Amino acid sequence: MAEERARQLQLLTQRLASALSREEIGNVVIGQAHEYLGATASVAYFEALDGTMCLAASRGVTADSIRTRAILDLDAPLPLCRVIRTGKPLWLRNRAEILDEFPDLAATTESAPLEALAAIALHFGEHTLGGIAFSFPRPMELDEPTRSLVTTFALQCAQALERARLYDQERRARARLEILADTSDRLSKAQLDLTAVLDTICREVANRMPESCTVNLVPPGGDTLELAAVHHIDPEAEAGIRATLNDTPARIGEGMLGRVAETGQSMFVPIVDFQAMLAATKPQYRPHLERFPVGGILIVPLRVADRVIGTITASRHPSRPRYTVEDHRLLQDIADRSAFAIENARLFQAEQHARRLRDDFLSIAGHELRTPLTALQLQVETLRSAPAIKPELLADRLNKTLRHVKRLDALITQLLDVTQLTRGRLALTPERVDAQQLAFEIVDRYREQARRASCEITCHGASVIGMWDRSRLDQVITNVLGNAIKYGAGHPIDVRVAREGTHCRITVHDRGLGIDPSARERIFDRFERAISDRNYGGLGLGLWISRQIVDALGGKITFESKAGVGTTFDIALPLGDV
Amino acid sequence: MTSLVLIVDDDFDLRDTLSDVLQDAGFAVASAGDGIEALDYLRTGERPAVILLDWMMPRCNGSQFRSEQLADPAIAAIPVVLLTADTRREEKMAELGVETYLAKPCDRETLLAAIRKYTPT
Numbered sequence: 001m002a003e004e005r006a007r008q009l010q011l012l013t014q015r016l017a018s019a020l021s022r023e024e025i026g027n028v029v030i031g032q033a034h035e036y037l038g039a040t041a042s043v044a045y046f047e048a049l050d051g052t053m054c055l056a057a058s059r060g061v062t063a064d065s066i067r068t069r070a071i072l073d074l075d076a077p078l079p080l081c082r083v084i085r086t087g088k089p090l091w092l093r094n095r096a097e098i099l100d101e102f103p104d105l106a107a108t109t110e111s112a113p114l115e116a117l118a119a120i121a122l123h124f125g126e127h128t129l130g131g132i133a134f135s136f137p138r139p140m141e142l143d144e145p146t147r148s149l150v151t152t153f154a155l156q157c158a159q160a161l162e163r164a165r166l167y168d169q170e171r172r173a174r175a176r177l178e179i180l181a182d183t184s185d186r187l188s189k190a191q192l193d194l195t196a197v198l199d200t201i202c203r204e205v206a207n208r209m210p211e212s213c214t215v216n217l218v219p220p221g222g223d224t225l226e227l228a229a230v231h232h233i234d235p236e237a238e239a240g241i242r243a244t245l246n247d248t249p250a251r252i253g254e255g256m257l258g259r260v261a262e263t264g265q266s267m268f269v270p271i272v273d274f275q276a277m278l279a280a281t282k283p284q285y286r287p288h289l290e291r292f293p294v295g296g297i298l299i300v301p302l303r304v305a306d307r308v309i310g311t312i313t314a315s316r317h318p319s320r321p322r323y324t325v326e327d328h329r330l331l332q333d334i335a336d337r338s339a340f341a342i343e344n345a346r347l348f349q350a351e352q353h354a355r356r357l358r359d360d361f362l363s364i365a366g367h368e369l370r371t372p373l374t375a376l377q378l379q380v381e382t383l384r385s386a387p388a389i390k391p392e393l394l395a396d397r398l399n400k401t402l403r404h405v406k407r408l409d410a411l412i413t414q415l416l417d418v419t420q421l422t423r424g425r426l427a428l429t430p431e432r433v434d435a436q437q438l439a440f441e442i443v444d445r446y447r448e449q450a451r452r453a454s455c456e457i458t459c460h461g462a463s464v465i466g467m468w469d470r471s472r473l474d475q476v477i478t479n480v481l482g483n484a485i486k487y488g489a490g491h492p493i494d495v496r497v498a499r500e501g502t503h504c505r506i507t508v509h510d511r512g513l514g515i516d517p518s519a520r521e522r523i524f525d526r527f528e529r530a531i532s533d534r535n536y537g538g539l540g541l542g543l544w545i546s547r548q549i550v551d552a553l554g555g556k557i558t559f560e561s562k563a564g565v566g567t568t569f570d571i572a573l574p575l576g577d578v
Numbered sequence: 001m002t003s004l005v006l007i008v009d010d011d012f013d014l015r016d017t018l019s020d021v022l023q024d025a026g027f028a029v030a031s032a033g034d035g036i037e038a039l040d041y042l043r044t045g046e047r048p049a050v051i052l053l054d055w056m057m058p059r060c061n062g063s064q065f066r067s068e069q070l071a072d073p074a075i076a077a078i079p080v081v082l083l084t085a086d087t088r089r090e091e092k093m094a095e096l097g098v099e100t101y102l103a104k105p106c107d108r109e110t111l112l113a114a115i116r117k118y119t120p121t
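These protein sequence lines are chains B and H, in that order. For the record, in the first sequence the residue sitting at position 102 is 102 according to the numbering used here, with numbers rising by one throughout. For the record, in the second sequence the residue sitting at position 8 is 8 according to the numbering used here, with numbers rising by one throughout.
Source of the hints: derived by calculation from the structure; they are not laboratory data. Computed from a prediction, not measured in an experiment: that's the story for all the values here. Just so it is clear, CB atoms sit at the ideal spot from N, CA and C, and this is done for glycine as well. Careful, some of the hints might be misleading.
So the derived label-pair ranges between C-beta atoms look like this [unchecked claim]:
#, chain 1, residue 1, chain 2, residue 2, range
1, B, D570, H, T44, 40 to 46 Å
2, B, G222, H, S63, 34 to 40 Å
3, B, G222, H, S67, 19 to 25 Å
4, B, D396, H, A113, 54 to 60 Å
Which chain B residues face chain H? A few, computed with CB under 7 Å, are given here [said to hold, decoys possible]:
#, residue
5, L373
6, A375
7, Q377
8, R447
9, R451
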């Protein structure tokens with residue numbers, strides 16, 4: 001007998017050596033013990049990652065029983081539960097002993113008779129990894145050598161489980177490192193192309209932590225998360241996600257994405273309340289969501305220093321394994337690496353945009369300077385080649401020549417203003433100025449140009465005196481009026497000056513092209529202009545300079561515009577200490 | 001008989017000066033502020049011997065004008081001298097089917113020589 005027990009142990013050790021998964025270990029231990037002990041029913045429960053005790057292997061147990069007892073309720077009045085709770089084995093040799101300890105088992109529905117029972121916890125160090133139990137159809141001796149053998153089986157099983165856990169941990173850690181290394185590698189290959197960077201991240205996450213990944217970014221100065229990239233292992237699901245998210249952008253602070261973006265705290269939802277999610281989805285996208293349901297969601301912030309620049313979301317079907325704490329950490333690691341790549345690509349793009357604007361500007365400036373220069377050159381050459389010229393004609397030609405010179409001077413002044421304004425604040429010389437008088441003077445100066453553009457300018461208002469830098473204010477009104485004539489040719493223009501409390505309000509209303517909504521954000525930017533194809537003359541600096549001046553005067557310049565109807569520029573200036 | 005030159009340029013000062021120079025040199029001059037005005041003139045006014053065309057104009061620019069002109073058999077044959085500050089001239093000329101261009105700033109002699117190529121002396 002002793003020899004047979006030794007052989008059994010040797011066999012178990014051999015078999016366990018090649019068992020690396022929990023299922024394999026359970027089957028080796030339960031299979032061998034069940035047969036050797038002659039049990040009617042044998043079960044092994046192992047602790048899962050989430051802490052629950054799950055059925056790992058069984059013999060002689062009905063399918064119904066397996067289904068209803070897949071997860072062990074540790075509070076139930078059952079032998080194995082008590083063994084796991086207390087850590088003490090149970091050796092119940094006959095029915096009387098069983099019923100004495102567990103009276104409820106008298107009413108057991110198991111078909112096989114329950115005449116003896118052995119149950120033992122699986123310990124590794126301080127930790128209980130699970131338990132195994134065997135029931136017998138006849139009273140059993142359960143003598144010391146048998147107890148010792150079962151105890152040794154339990155010990156071997158626990159060791160094998162710990163080995164498998166370590167192996168699994170190692171394997172996951174390696175996979176995690178591989179994913180991170182791969183992500184870093186691909187991010188570096190994507191270089192500074194933002195689209196490529198985002199696409200890389202999404203693909204990597206969706207393929208490695210199936211099944212879906214989306215990246216949302218907060219545009220600089222924006223308050224809404226915009227969908228930047230999406231990938232799903234199923235292209236049809238991807239198209240649906242794209243449509244849904246594009247149509248329902250998340251505002252910062254609202255919804256799951258918005259909260260992550262606001263707080264910088266990730267959101268880990270291993271089990272999604274799908275009905276609630278469905279209810280929160282626009283009706284037209286519900287059929288898609290029902291077709292590709294979401295079981296788990298992970299949302300992590302993309303952080304650069306203490307700013308949140310966006311979010312990465314991973315989600316998966318309910319049939320896939322739940323996201324674990326490790327998945328959560330992995331996604332945050334990926335996000336941390338990605339955030340810098342995204343930020344770099346963004347800065348690079350902004351830099352490229354600035355450079356393009358500057359290059360365009362230089363080319364426009366060249367063109368703008370050349371037009372009056374051409375006129376100047378031709379006018380001077382004509383004067384030189386004319387054999388004899390009448391005095392009144394000469395005066396006319398010289399006046400024209402002077403006008404070209406003034407135009408060149410105005411352009412050069414604008415260019416120098418840009419340099420000065422870019423370097424620092426404007427130096428202002430405030431004096432008492434009547435805004436109405438100044439505005440009317442400027443309108444007078446523009447009469448001829450307005451007539452040529454078929455614009456009738458009407459002045460309204462009363463005298464408003466304030467402390468302003470006359471030449472700078474002149475520049476602002478000139479810029480705004482000049483634009484009104486340029487873009488409102490053929491239609492009347494109204495200039496209005498009025499006092500409103502402690503402010504002076506100057507409005508210039510044209511009935512021209514209007515400003516395209518897409519251009520409204522940037523018309524006050526340097527080198528920007530709403531009319532992109534450069535068919536209108538000018539440096540595209542006027543409004544930028546005007547805003548700098550109005551800012552320096554402590555005022556505000558705003559506009560209202562409707563495409564095809566016209567534009568009203570509104571300049572509000574504090575009167576100052578008059 | 002004086003040859004007529006049509007000046008198409010949105011810049012009033014330049015248009016005015018070109019007109020002075022050409023008139024001083026003995027040409028008759030008509031002018032238009034953009035491509036649309038130019039097409040109107042060509043379809044209703046006296047036929048010019050040559051068109052002096054600016055490239056960048058609002059509403060209807062040089063390129064739009066030129067395609068419209070070429071599409072209209074009645075005016076397609078009128079030669080065009082392009083006036084531009086742009087550096088990609090060759091590309092632009094091929095695109096517009098224009099043989100002669102003037103780079104801004106241009107001097108009086110070059111301007112007159114370019115116009116005389118298309119006007120009987």
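Verification of the hints:
{"no.": "1", "hint": "B:D570 with H:T44: 40 to 46 Å", "in the structure": "holds, 42 Å"}
{"no.": "2", "hint": "B:G222 with H:S63: 34 to 40 Å", "in the structure": "holds, 37 Å"}
{"no.": "3", "hint": "B:G222 with H:S67: 19 to 25 Å", "in the structure": "violated, 41 Å"}
{"no.": "4", "hint": "B:D396 with H:A113: 54 to 60 Å", "in the structure": "violated, 26 Å"}
{"no.": "5", "hint": "L373", "in the structure": "holds, 5 Å"}
{"no.": "6", "hint": "A375", "in the structure": "holds, 4 Å"}
{"no.": "7", "hint": "Q377", "in the structure": "holds, 5 Å"}
{"no.": "8", "hint": "R447", "in the structure": "violated, 13 Å"}
{"no.": "9", "hint": "R451", "in the structure": "violated, 10 Å"}
Of the numbered hints listed earlier, those contradicted by the structure are 3, 4, 8, 9.
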